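Asks: Sequence:
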Amino acid sequence: MTMSKTRSEGSLPVVSLPLPVAVTAPAVARQAVRATLAGFGLDGPAVDDVLLATSELVTNAFEHGERPDRLEIEYSDGRLTLRVFDSGSERPKLKEPSPMAARSRGLQLVHALSDDWGYEPCSGGKYVWAVFSLDRADASA
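The sequence shown maps to residues 1 to 141 in the numbering used here.
Among the hints, a few may not be true.
[Stated by the list, open to error] Computed Cβ-Cβ distance ranges for the label pairs, DEER-style:
#1 Arg79 <-> Gln31: 18 to 26 Å
#2 Cys122 <-> Leu94: 17 to 25 Å
#3 Ala27 <-> Tyr119: 36 to 44 Å
[To be verified] Using 25 Å as the maximum straight-line C-alpha spacing, the simulated SDA-like pairs for lysine to any residue come out as follows:
#4 Lys93 <-> Asp115
#5 Lys93 <-> Asp43
#6 Lys93 <-> Val131
#7 Lys93 <-> Asp135
Bear in mind the hints are in silico, worked out from the structure with no lab data behind them. Since the model is a prediction, treat every value here as computed from it, not as a measurement. Glycine included, each C-beta is placed from N, C-alpha and C at the ideal position.
Assemble the whole structure, with the sequences as input and the hints as a guide.
Replies: And the structure:
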(Lines of atoms letter the chains of each structure in order from A and count residues from 1; the text may use other names and numbers.)
(Lines give C-alpha, C1' and ligand atoms only; values in the text may rest on other atoms or scores of the structure.)
Protein backbone atom coordinates (compact mmCIF):
# COMPACT_ATOMS: atom_id res chain seq x y z
CA MET A 1 0.00 0.00 0.00
CA THR A 2 1.26 3.45 -0.82
CA MET A 3 0.11 6.56 0.92
CA SER A 4 -0.22 9.86 -0.86
CA LYS A 5 -0.09 13.24 0.82
CA THR A 6 -1.62 16.54 -0.13
CA ARG A 7 -1.11 19.83 1.66
CA SER A 8 -4.10 21.59 3.19
CA GLU A 9 -3.84 25.25 4.05
CA GLY A 10 -2.84 25.72 7.72
CA SER A 11 -2.57 22.03 8.55
CA LEU A 12 -0.34 19.01 8.19
CA PRO A 13 -0.64 17.05 4.95
CA VAL A 14 -3.81 15.08 4.35
CA VAL A 15 -2.74 11.46 4.13
CA SER A 16 -4.69 9.23 1.75
CA LEU A 17 -4.44 5.45 1.87
CA PRO A 18 -6.02 3.17 -0.72
CA LEU A 19 -7.90 0.34 0.98
CA PRO A 20 -7.76 -3.25 -0.23
CA VAL A 21 -11.06 -4.92 -1.00
CA ALA A 22 -10.22 -7.72 1.42
CA VAL A 23 -10.72 -8.69 5.03
CA THR A 24 -7.23 -7.31 5.68
CA ALA A 25 -8.45 -3.73 5.11
CA PRO A 26 -9.01 -2.89 8.82
CA ALA A 27 -5.55 -4.16 9.83
CA VAL A 28 -3.89 -2.34 6.92
CA ALA A 29 -5.73 0.86 7.86
CA ARG A 30 -4.83 0.59 11.57
CA GLN A 31 -1.16 0.10 10.77
CA ALA A 32 -1.13 3.09 8.40
CA VAL A 33 -3.01 5.32 10.86
CA ARG A 34 -0.66 4.37 13.71
CA ALA A 35 2.40 5.20 11.54
CA THR A 36 0.85 8.46 10.33
CA LEU A 37 -0.07 9.63 13.83
CA ALA A 38 3.43 8.80 15.07
CA GLY A 39 4.77 10.88 12.17
CA PHE A 40 2.53 13.74 13.28
CA GLY A 41 4.00 13.44 16.80
CA LEU A 42 0.83 11.91 18.27
CA ASP A 43 0.94 8.88 20.53
CA GLY A 44 -0.38 7.71 23.86
CA PRO A 45 -3.73 6.42 25.10
CA ALA A 46 -5.89 8.77 23.00
CA VAL A 47 -4.45 7.21 19.84
CA ASP A 48 -5.91 3.83 20.86
CA ASP A 49 -9.40 5.33 20.52
CA VAL A 50 -8.55 6.56 17.02
CA LEU A 51 -7.22 3.11 16.05
CA LEU A 52 -10.35 1.34 17.31
CA ALA A 53 -12.56 3.81 15.44
CA THR A 54 -10.43 3.27 12.31
CA SER A 55 -11.05 -0.48 12.53
CA GLU A 56 -14.78 0.02 12.93
CA LEU A 57 -15.15 2.54 10.09
CA VAL A 58 -13.12 0.43 7.66
CA THR A 59 -14.95 -2.75 8.68
CA ASN A 60 -18.28 -1.01 8.06
CA ALA A 61 -17.10 0.15 4.63
CA PHE A 62 -15.99 -3.39 3.82
CA GLU A 63 -19.17 -5.08 5.08
CA HIS A 64 -21.87 -2.50 4.26
CA GLY A 65 -20.43 -0.06 1.73
CA GLU A 66 -20.35 -2.20 -1.42
CA ARG A 67 -16.62 -1.55 -1.96
CA PRO A 68 -14.11 0.25 0.28
CA ASP A 69 -12.01 2.81 -1.55
CA ARG A 70 -9.67 4.82 0.65
CA LEU A 71 -8.99 6.31 4.06
CA GLU A 72 -7.98 9.92 4.64
CA ILE A 73 -6.30 11.29 7.77
CA GLU A 74 -6.16 15.01 8.43
CA TYR A 75 -4.72 16.79 11.46
CA SER A 76 -5.17 20.51 12.03
CA ASP A 77 -5.36 22.68 15.15
CA GLY A 78 -5.68 19.77 17.59
CA ARG A 79 -8.40 18.02 15.57
CA LEU A 80 -7.86 14.73 13.82
CA THR A 81 -10.35 13.76 11.12
CA LEU A 82 -10.66 10.26 9.67
CA ARG A 83 -12.61 9.78 6.46
CA VAL A 84 -13.39 6.34 5.04
CA PHE A 85 -14.65 6.35 1.45
CA ASP A 86 -16.70 3.56 -0.12
CA SER A 87 -18.83 3.06 -3.22
CA GLY A 88 -22.08 2.51 -1.34
CA SER A 89 -24.88 5.04 -1.22
CA GLU A 90 -26.70 3.60 1.80
CA ARG A 91 -26.73 5.90 4.81
CA PRO A 92 -24.90 4.52 7.86
CA LYS A 93 -27.27 3.80 10.73
CA LEU A 94 -26.50 4.03 14.43
CA LYS A 95 -28.18 0.86 15.69
CA GLU A 96 -29.02 -0.14 19.23
CA PRO A 97 -27.80 -3.75 19.26
CA SER A 98 -29.38 -6.46 21.29
CA PRO A 99 -27.32 -7.27 24.42
CA MET A 100 -26.95 -10.81 23.06
CA ALA A 101 -25.87 -9.73 19.56
CA ALA A 102 -22.26 -10.48 18.70
CA ARG A 103 -22.13 -7.66 16.11
CA SER A 104 -23.62 -4.28 15.15
CA ARG A 105 -21.71 -2.14 17.63
CA GLY A 106 -19.25 -0.47 15.24
CA LEU A 107 -20.93 2.90 14.88
CA GLN A 108 -21.88 2.86 18.57
CA LEU A 109 -18.15 2.63 19.33
CA VAL A 110 -17.29 5.39 16.86
CA HIS A 111 -20.03 7.54 18.40
CA ALA A 112 -18.67 6.94 21.92
CA LEU A 113 -14.99 7.42 21.06
CA SER A 114 -15.13 10.44 18.76
CA ASP A 115 -16.07 14.07 19.33
CA ASP A 116 -18.38 13.90 16.33
CA TRP A 117 -19.05 11.65 13.35
CA GLY A 118 -21.25 11.57 10.28
CA TYR A 119 -21.29 10.86 6.59
CA GLU A 120 -21.32 12.80 3.33
CA PRO A 121 -22.29 11.71 -0.16
CA CYS A 122 -19.50 12.15 -2.70
CA SER A 123 -18.71 11.27 -6.28
CA GLY A 124 -18.76 7.48 -6.53
CA GLY A 125 -20.45 6.83 -3.16
CA LYS A 126 -19.98 8.36 0.28
CA TYR A 127 -17.53 8.82 3.09
CA VAL A 128 -18.02 8.33 6.80
CA TRP A 129 -15.98 10.64 9.00
CA ALA A 130 -15.03 10.89 12.66
CA VAL A 131 -13.32 13.76 14.49
CA PHE A 132 -11.08 13.47 17.56
CA SER A 133 -9.46 16.13 19.75
CA LEU A 134 -5.75 15.31 19.94
CA ASP A 135 -3.33 18.00 21.00
CA ARG A 136 0.27 17.12 20.25
CA ALA A 137 1.44 18.22 23.69
CA ASP A 138 -1.35 16.26 25.39
CA ALA A 139 -1.24 13.15 23.21
CA SER A 140 1.21 11.26 25.38
CA ALA A 141 -0.21 12.48 28.71
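Asks: Give a verdict on every hint.
Replies: To see whether the hints hold, each was checked on the structure:
Judged by the Cβ atoms, the range 18 to 26 Å given for Arg79 and Gln31 holds: they are separated by roughly 22 Å. Between Cys122 and Leu94 the Cβ separation comes to about 20 Å, which falls inside the hinted range of 17 to 25 Å. One distance hint, 36 to 44 Å for the beta-carbon pair Ala27 and Tyr119, is violated here, with the actual separation near 23 Å. A distance of roughly 17 Å separates the Cα atoms of Lys93 and Asp115; the hinted pair therefore holds under the 25 Å criterion.
Our distance criterion of 25 Å between C-alpha atoms is broken by Lys93 and Asp43, whose separation comes to about 30 Å. Straight-line distance between C-alpha atoms of Lys93 and Val131 comes to about 18 Å, which keeps the hinted pair within the 25 Å bound. Annotation: proposed proximity of Lys93 to Asp135 is violated, straight-line Cα distance about 30 Å (limit 25 Å).
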